[in-house]
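Engineer: Residues per chain, in single letters:
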Amino acid sequence: EPEVTQTPSHQVTQMGQEVILRCVPISNHLYFYWYRQILGQKVEFLVSFYNNEISEKSEIFDDQFSVERPDGSNFTLKIRSTKLEDSAMYFCASRVGTTTNTGELFFGEGSRLTVL
Amino acid sequence: DAKTTQPPSMDCAEGRAANLPCNHSTISGNEYVYWYRQIHSQGPQYIIHGLKNNETNEMASLIITEDRKSSTLILPHATLRDTAVYYCIVRDDKIIFGKGTRLHILP
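In order, the protein sequence lines correspond to chains A and B.
Residue numbering for the first sequence follows this note's numbering, beginning at 22 and increasing consecutively.
Residue numbering for the second sequence follows this note's numbering, beginning at 60 and increasing consecutively.
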């Protein structure tokens, strides 16, 4: 069964360092998402991406964050200068949907980011 | 914010049906009801979705009231592996997660 894969599974970094989290969405999917979950809290939407551009982003997704689909298979989330409060599990998701409001999201298993 | 209301937690005996309610009184005509679950800290997992008809798949059944203002997710024979947080979501494009219902399956 096709799945969304994420790397690394766990990354530890120093405050102020740049981090790139990588995702390989399911191959025929068109919509891509990043979510995060701070320990003990709910899953929060960060950004959605379609047709090589951001379609929607939340207040959390400030100038320190960026997303990219560099090569048609990977979908990356970059945090330019990490802060302690960026420590969280980051989930990538994708869906095939040809229109909005349809198609289930398939989530990866997450990348745990720990900022020291 | 999430457009749904769910009880924070529920218990269900192993082998029994788990019925998880959800209120979505402000749902609009073209919005679907989706259910996901998150087992421990794993990635959320899709369960089922529907618009206005009842739906069933290999995991669960979804019962949507005629006025579409509420729905119930039914796990017909709950097992210990169904212990998770269950999210009822009214969908426009992105999925917005609320706090969900923490379902405890009791042996």
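Treat each hint with caution, since some may be false.
Claimed, not checked - Here are the simulated EDC-like cross-link-like pairs (lysine to aspartate or glutamate), alpha carbons at most 20 Å apart as the crow flies:
| # | chain 1 | residue 1 | chain 2 | residue 2 |
| --- | --- | --- | --- | --- |
| 1 | B | 62 | A | 125 |
| 2 | B | 158 | A | 74 |
| 3 | B | 62 | A | 77 |
| 4 | B | 62 | A | 39 |
| 5 | B | 62 | A | 80 |
| 6 | B | 111 | A | 125 |
| 7 | B | 158 | A | 39 |
| 8 | A | 63 | B | 141 |
In case anyone wonders, no lab produced these hints; they're calculated from the structure.
Engineer: All hints are to be evaluated individually against the structure, with a verdict given for each.
Structural biologist: Against the structure, the hints:
no.: 1; hint: 62/B / 125/A; result: holds (18 Å)
no.: 2; hint: 158/B / 74/A; result: violated (29 Å)
no.: 3; hint: 62/B / 77/A; result: holds (18 Å)
no.: 4; hint: 62/B / 39/A; result: violated (35 Å)
no.: 5; hint: 62/B / 80/A; result: holds (18 Å)
no.: 6; hint: 111/B / 125/A; result: holds (17 Å)
no.: 7; hint: 158/B / 39/A; result: violated (30 Å)
no.: 8; hint: 63/A / 141/B; result: holds (19 Å)
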